[in-house]
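Colleague: Sequences listed follow chains A and B, in order.
Going by numbering that gives the first Met the number 0, the residue at position 93 of the first sequence is 92; the numbering climbs one at a time, nothing skipped.
Going by numbering that gives the first Met the number 0, the residue at position 15 of the second sequence is 14; the numbering climbs one at a time, nothing skipped.
Treat the hints as calculated values from the structure; they're not laboratory data.
We put the CB at the ideal spot given by N, CA and C, even for glycine.
Just so you know, not all the hints are guaranteed correct.
What the hints assert, rightly or not - BS3-like mimics (lysine-lysine), calculated; alpha carbons at most 25 Å apart, straight line:
{"no.": "1", "chain 1": "B", "residue 1": "K107", "chain 2": "A", "residue 2": "K153"}
{"no.": "2", "chain 1": "A", "residue 1": "K128", "chain 2": "B", "residue 2": "K109"}
{"no.": "3", "chain 1": "B", "residue 1": "K279", "chain 2": "A", "residue 2": "K121"}
{"no.": "4", "chain 1": "B", "residue 1": "K196", "chain 2": "A", "residue 2": "K117"}
{"no.": "5", "chain 1": "A", "residue 1": "K129", "chain 2": "B", "residue 2": "K198"}
{"no.": "6", "chain 1": "A", "residue 1": "K117", "chain 2": "B", "residue 2": "K198"}
{"no.": "7", "chain 1": "A", "residue 1": "K330", "chain 2": "A", "residue 2": "K498"}
{"no.": "8", "chain 1": "A", "residue 1": "K468", "chain 2": "A", "residue 2": "K265"}
{"no.": "9", "chain 1": "B", "residue 1": "K198", "chain 2": "A", "residue 2": "K136"}
{"no.": "10", "chain 1": "B", "residue 1": "K142", "chain 2": "A", "residue 2": "K153"}
{"no.": "11", "chain 1": "B", "residue 1": "K279", "chain 2": "A", "residue 2": "K356"}
{"no.": "12", "chain 1": "A", "residue 1": "K136", "chain 2": "A", "residue 2": "K171"}
{"no.": "13", "chain 1": "A", "residue 1": "K141", "chain 2": "A", "residue 2": "K199"}
{"no.": "14", "chain 1": "A", "residue 1": "K232", "chain 2": "A", "residue 2": "K412"}
{"no.": "15", "chain 1": "A", "residue 1": "K128", "chain 2": "B", "residue 2": "K226"}
{"no.": "16", "chain 1": "B", "residue 1": "K198", "chain 2": "A", "residue 2": "K128"}
{"no.": "17", "chain 1": "A", "residue 1": "K74", "chain 2": "B", "residue 2": "K222"}
{"no.": "18", "chain 1": "B", "residue 1": "K332", "chain 2": "A", "residue 2": "K153"}
{"no.": "19", "chain 1": "A", "residue 1": "K136", "chain 2": "A", "residue 2": "K117"}
As the list claims (entries may be wrong) - To list a few chain A residues with every Cβ distance to chain B over 10 Å, as calculated:
{"no.": "20", "residue": "E19"}
{"no.": "21", "residue": "L93"}
{"no.": "22", "residue": "F97"}
{"no.": "23", "residue": "E101"}
{"no.": "24", "residue": "S116"}
{"no.": "25", "residue": "D180"}
{"no.": "26", "residue": "D509"}
{"no.": "27", "residue": "L514"}
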Amino acid sequence: MALLQLKDIGKKYSGNQVLEGVSLELNPGEIHGLVGENGAGKSTLMNILFGMPVIHSTGGYEGEMFLDGEVYNPKTPMEAMNLGIGMVHQEFMLIPGFTVVENIKLNRENTRSTVVSKVFGKKLEVLDKKQMVEDAKDALNKLNLDLDYNLPVKGLPVGYMQFIEIAREIDKSNLKVLILDEPTAVLTESEAEQFLEVIKRLSNLGIAILFITHRLDEIKSVTDHITILRDGKLIKSVKTEDITTIEIAGLMVGRDFDITASSIRKFDDDSEIALKIEELYVNMPGEAIKGINLDIRKGEILGIGGLAGQGKLGIANGIIGLYPTRGKIYKDGKELPLNNPREVLEHEIAFLSEDRKEVGLLLDEPIDFNIAYTSIEIKEDFIKKLGPLKIVDKIKVRDHSLDMIKKLDIRCKDQKQHTRYLSGGNQQKVCIARALTFNPDILMVSEPTRGIDIGAKNLVLDTLLELNKKYNMTIIITSSELAELKQVSDRIAIITEGKIQTILPADADDRLFGLAMSGEDIKEVIN
Amino acid sequence: MIVPIVFMAICAIGFYYSGLTFDFIFDEMFFRLSRNLVLVASLIIPVISGLGLNFGIVIGAMAGQIGLLFIINYGIGGMTGIVVAMIVSIPFAILFGYLVGLVLNRAKGKEMITSMILGFFANGIYQLVFIILVGRIIPFSNKSMMVNSGQGLKNTIDLLSIRKAFDNFIFGGMTRLPIAPLIFSGIIFLFIFLFFKTKLGQDMRAIGQNMQIASVAGIDVDKTRIKAIVISTVLAAWGQIIYLQNLGTFNTYTNHEQVGLFSVAALLIGGASVEKATWKEAVIGTLLFHLLFIVSPLAGQNLMGDAQIGEYFRVFVAYGVIGFALILHAMEKRNQIEKMDRLNFEDNKAAN
């Protein structure tokens, strides 16, 4: 008998069917993968399972759920938790200044009653620190994790934070089902591996795991069973060994797609240089650049790759001036000021940050303003003059953004929706629309497809190629995904330990890139 | 750390030019600590709960004054009077704190300015009640407290019956110094320390760091914030009672006005910020702030040779220090960040 059973689950948001007839079964100790594009209904399904208030304030759901054979219908997350459903959110739910122990026991602290608490109620019971430490240790041991539990989580590596969240769920004594929402999105490769180990350990403890991710190779390697959702419907539910990664990808998107390498262009040594970098040092924490020289030709698409923490992100962040920088940068032969983003923008260099939410977008502003503001600020586009006053031409902004929304297929309510409420892929499209509007000579994009699904991914990459072709825009693309770099770039620079390890044409052998990333000197290997 | 050090230096210079003796300063500081510490302590819990500096303690001070008016009206004097005043002030303080908490929950992220404006607003209501309603609707049996028309309270009310009653409680026979209120302040600080070891205290620390995460973990954020403000308001009411029993007279309509500003200034000078505050900072800050208060008028007079300058200095010091302390805190924070950046940079260079 299944531990958790979902029967014909459906959900409507104001008449809009976002989920329809989804049935699922989850057995103890099973790792169940859930894949689907953005908007496929994964989050809605999770929200229903976890009793999020948003479900019930919008009229509840259709269908039935059973937990251990009994009807399961949680009205609040608290109720879901009490019945043994745990969830690790995509964003960390840890309090930075609290220690590991305090975070694991957050709002479930062990307490001892005192005279005062007997008079004034349970809230004034004293924390039982000893017992809290014991429990936390137990939970961490189950994950086979050795760390100082008295440290504040603030300074810990990102990977550990994920483990602490899981430890918190395990510490709930009755945990039966653990929902993991894109848990590896923020992890480095080695952390992700360790993480997958942990998941296997958990399943051995008899906990059923529902695992949502967009990394298909992960889901293939770790799960027992895979369910694919598309447009709110269940497309296929199948044992993992009976399906290949390519089949999964095909079912997710629902259309055949092929990755065609762009025709790679070779630039002569005497072709015009768009950007010349000399002895660049960038002090970006975790991604420092320690002295590089690089010439980027006009109209070229340069890929920058490398493992996390080696410094590939530092280059674009340094050029735009977001982190302290030394060295010399020339654009079209003219020296650029350092550490001054505004002047760099005025020199027609734009940057789409890897950190969409913090740096890339004004989350509490509508889509249309997000698309227009760089142009308004730097180029005084969309401005009408009223005597001595300069006023933003709202109608022009609206028309332009409606145009962009259509062109880039940004899924939103309307152009006035705040960008905070868009999905990751659509947020990225807004960023690209802004760059398109600004129309710079040089566009730097970092991790353009991080956290977005395959369909949106191709659209983003195609748009970059189109920009390059149509406007002869020079593009510097930084990404952790080599396949993506190979898909669009002419040349790819591999960064290791803050320096350029090598620059290879995009059609070079994968093995060469692999060697370069691990810090091998390719010339030596070839000779 | 730089803020208290700067103020220590200013105090030292002021002390030198004031020409005051050490004995005088010592006595004076003893009294000022004893009468102000509880008020400053009342700010700590809201700071740690993420509500910033609670200028709303002005409203708590009003509750304390209501307690005092009660005992004067019924002629309850001495230590008994003070205890009764404290007890009477509790329900008022809880009610006021609850209302302030409700408003602040609707103004998340802007608690400081909201609480300050609430203080001004409450002052209006306070005046309405005690100038207009007293005698017309609210009966007062003690006619000597009222102006001759029989409506409204006098500007100044004598607190002779409880003057220094708490200061001299138990230890009055042994020494002139106010030992009892200092012990009481110590107990309050101990209470705050122990409070943060309880479940409720832990909840407050959690919401102080991140409201959203705390709420996802199932902590009732709004309720916990209201509790923090209620405790703060009750402590402020008691603090005001202790303060006024030491002064011995009571300016009905003005005594509470500056309580928020002065207490906040003291806490900031001690090195606290809008995000963190401990008992040490409260004590050091109160000490330095009042030291500056004592020495600066005299130092000003001795330096400039004008008695008027002294009065000017008092105001200048009170408002100046708040701005100065806030700027110093901001600079300190920025310096720390820049220092980290520089260190990283040196590392990079060294690695090459």
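Colleague: Against the structure shown, which of the earlier numbered hints fail to hold, in ascending order?
Modeller: 2, 3, 10, 11, 19, 21, 22, 23 and 24
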